[in-house]
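Visitor: Sequence:
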Amino acid sequence: MHSMQIVEWGKPLEPRERPTPKPQGTEVLVRVEACGVCHSDLHLQEGYFDLGGGNKLELEKLGLKLPHTLGHEIVGEVVAVGPEAAGARIGDKRVVHPWIGCGSCETCRRGDELLCTSMRSLGARRDGGYADHVLVPHPRYLIDYDGLSPELACIYTCSGVTAYSALKKLAQLPERDIVVIIGAGGVGLNAVMLSRAVLKCKVVVADIDANKREAAVKAGAAAAFDNSDPEAVQKLRAMTAAGAGAGGAIDFVGAPQSAKFGLDALRKGGTLVIVGLYGGMAPIPLPLFPQRVLTVRGSYVGGLDDIRELMALVKSGKVPPIPVKTRPLGEINQVLDELRAGRVLGRIVVKPGS
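Under the working numbering, the residues of the sequence shown are numbered 73 to 426, in order.
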């Protein structure tokens with residue numbers, strides 16, 4: 073089978089030919105039809121996450137060995153099944169939930185696979201979808217997307233479910249409140265489009281890119297602010313009740329400046345949800361947390377129940393589709409460079425053999 077793989081950290085992906093795997097036990101072999109390109113692939117390609125202060129979380133030390141196939145927003149057709157893969161049939165068209173735990177620890181058995189300490193995530197820990205085929209450990213990770221195009225359906229397995237899971241953490245906010253979405257890239261734009269189906273309150277967007285701000289307003293944001301503007305926080309607060317600030321903020325960037333903006337925009341008792349993995353370290357005055365009763369929490373992708381809920385919501389027609397463009401898998405290095413330069417609006421998916 074043909075794959076585009078990381079062969080050396082920080083270098084362009086290289087084409088590789090390998091034997092097509094044969095599924096064993098509960099495994100299912102999926103012929104990849106399309107695979108979304110995600111910002112986290114940039115960090116995986118580099119081989120580390122920036123922890124700030126010169127510190128790095130090196131993926132090789134976490135057990136990720138090269139060569140490795142990226143790609144975790146996968147859609148395709150079942151072409152072979154293991155002898156114990158009950159429920160999977162050859163010819164099934166499915167999206168693949170990639171956030172897979174070990175399956176045997178107590179955490180996984182109680183249904184919290186995202187908290188597993190021995191993840192087997194496709195594209196991040198095991199070979200993913202920048203290839204002709206991908207091996208899926210169990211049929212339960214295959215989800216029907218009937219009624220959607222495969223190119224749109226696949227992005228909900230990461231971009232979509234990441235936004236959905238983050239929004240759910242603020243779903244308790246009242247109608248009079250405001251949620252700030254920081255970063256209107258692929259995931260942030262998805263969050264804007266999902267917000268009406270998840271939140272009771274309206275959302276506003278903060279992004280330094282004028283094109284992305286414009287896209288966010290067209291997608292349903294009540295307003296958009298340039299968070300590099302020194303008066304942006306003041307302008308945003310002016311939209312809130314008594315100028316107190318927003319009840320929640322979701323940082324889809326995850327940089328020191330974006331996290332600070334999110335905290336500054338919050339009212340007393342507000343919550344900042346950090347999703348983005350840009351990296352760095354944010355020095356924050358600790359007395360602010362008890363004095364302003366603030367909450368900061370992380371949100372990482374979404375669980376199997378989340379993606380099932382989301383796919384049902386999308387298929388119901390209650391969520392407008394995010395802009396998606398397709399490119400050949402052979403152009404993956406150019407696509408990654410464009411993503412790294414911030415030139416992608418919406419989402420790009422790559423297609424093997426095109």
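No wet-lab data here; the hints were simulated from the structure.
There could be a bad hint or two in this list.
Straight-line Cα separation of at most 35 Å, DSBU-like style, residue types lysine-lysine; simulated pairs [unchecked claim]: (1) LYS241 to LYS94; (2) LYS290 to LYS240; (3) LYS133 to LYS290; (4) LYS241 to LYS272; (5) LYS241 to LYS274; (6) LYS133 to LYS241; (7) LYS240 to LYS94; (8) LYS332 to LYS128; (9) LYS387 to LYS83; (10) LYS290 to LYS307; (11) LYS307 to LYS340; (12) LYS340 to LYS240; (13) LYS332 to LYS307; (14) LYS332 to LYS165; (15) LYS397 to LYS165; (16) LYS272 to LYS83; (17) LYS390 to LYS94; (18) LYS241 to LYS307; (19) LYS340 to LYS423; (20) LYS423 to LYS241; (21) LYS397 to LYS340; (22) LYS332 to LYS94; (23) LYS423 to LYS133; (24) LYS423 to LYS290; (25) LYS240 to LYS390; (26) LYS240 to LYS274; (27) LYS340 to LYS165; (28) LYS423 to LYS332; (29) LYS272 to LYS307; (30) LYS340 to LYS241; (31) LYS240 to LYS165; (32) LYS137 to LYS397; (33) LYS128 to LYS390; (34) LYS423 to LYS307; (35) LYS94 to LYS83.
Visitor: Does each hint hold? Answer for all of them.
Guide: We went through each hint and held it up to the structure:
Proposed proximity of LYS241 and LYS94 is contradicted: the alpha carbons are some 40 Å apart, above 35 Å. For the hint pairing LYS290 with LYS240, the CA-to-CA distance comes to about 22 Å; that is within 35 Å, so the pair holds. For the hint pairing LYS133 with LYS290, the CA-to-CA distance comes to about 43 Å; that exceeds 35 Å, so the pair is violated. Between LYS241 and LYS272 the alpha-carbon distance is near 12 Å, which keeps this suggested pair within the 35 Å criterion.
Distance hint between LYS241 and LYS274 is fulfilled; the C-alpha atoms sit about 15 Å from each other, no more than 35 Å. A threshold of 35 Å between alpha carbons decides the hint, and for LYS133 with LYS241 the separation of about 31 Å falls inside it, so the pair holds. Between LYS240 and LYS94 the alpha-carbon distance is near 38 Å, which puts this suggested pair outside the 35 Å criterion. Simply put, LYS332 and LYS128 have alpha-carbon atoms about 21 Å apart, close enough for the 35 Å limit, and the pair holds.
For a cut-off of 35 Å, the pair hint linking LYS387 to LYS83 is broken: about 39 Å separates their Cα positions. With a C-alpha separation of about 20 Å, the suggested pair LYS290 and LYS307 falls inside the 35 Å cut-off, and the hint holds. For the hint pairing LYS307 with LYS340, the CA-to-CA distance comes to about 17 Å; that is within 35 Å, so the pair holds. Using a Cα cut-off of 35 Å, the hinted pair LYS340 and LYS240 holds, with the two alpha carbons roughly 20 Å apart.
Only pairs whose Cα atoms come within 35 Å are accepted, and LYS332 paired with LYS307 is accepted, the gap being roughly 16 Å. About 43 Å separates the Cα atoms of LYS332 and LYS165, which puts this hinted pair outside 35 Å; it is violated. For a cut-off of 35 Å, the pair hint linking LYS397 to LYS165 stands: about 20 Å separates their Cα positions. Taking the CA atoms of LYS272 and LYS83, the gap is near 45 Å; set against the 35 Å cutoff, the hint is violated.
Note on LYS390 and LYS94: the hinted pairing is violated, with a Cα-Cα distance of about 39 Å set against a maximum of 35 Å. Of the pairs offered as hints, the one joining LYS241 and LYS307 holds, with about 25 Å between alpha carbons and a cut-off of 35 Å not exceeded. Distance check on the hinted pair: LYS340 and LYS423 sit about 47 Å apart at the alpha-carbon level, beyond 35 Å; violated. The suggested pairing of LYS423 with LYS241 holds, with an alpha-carbon distance near 33 Å, which does not exceed 35 Å.
For the given pair, LYS397 sits about 41 Å from LYS340 by alpha-carbon distance, which is inconsistent with the 35 Å threshold. For the given pair, LYS332 sits about 49 Å from LYS94 by alpha-carbon distance, which is inconsistent with the 35 Å threshold. Proposed proximity of LYS423 and LYS133 is supported: the alpha carbons are some 31 Å apart, at most 35 Å. Note on LYS423 and LYS290: the hinted pairing holds, with a Cα-Cα distance of about 28 Å set against a maximum of 35 Å.
For the given pair, LYS240 sits about 16 Å from LYS390 by alpha-carbon distance, which is consistent with the 35 Å threshold. Proximity of LYS240 to LYS274 is assessed by CA-CA distance (about 14 Å); at most 35 Å being required, the pair is judged to hold. For the hint pairing LYS340 with LYS165, the CA-to-CA distance comes to about 48 Å; that exceeds 35 Å, so the pair is violated. The hinted pair formed by LYS423 and LYS332 fails the criterion: a straight-line CA distance of about 38 Å is larger than 35 Å.
Straight-line distance between C-alpha atoms of LYS272 and LYS307 comes to about 22 Å, which keeps the hinted pair within the 35 Å bound. Between LYS340 and LYS241 the alpha-carbon distance is near 17 Å, which keeps this suggested pair within the 35 Å criterion. Distance check on the hinted pair: LYS240 and LYS165 sit about 28 Å apart at the alpha-carbon level, within 35 Å; holds. Of the supplied pair hints, the one linking LYS137 and LYS397 holds, its CA atoms being roughly 31 Å apart against a limit of 35 Å.
A hinted pair counts as satisfied when its Cα atoms are at most 35 Å apart, and LYS128 with LYS390 does not qualify at roughly 41 Å. Between LYS423 and LYS307, the direct Cα distance comes to roughly 43 Å. Violation of the 35 Å bound is thereby established for this hinted pair. Proximity of LYS94 to LYS83 is assessed by CA-CA distance (about 30 Å); at most 35 Å being required, the pair is judged to hold.
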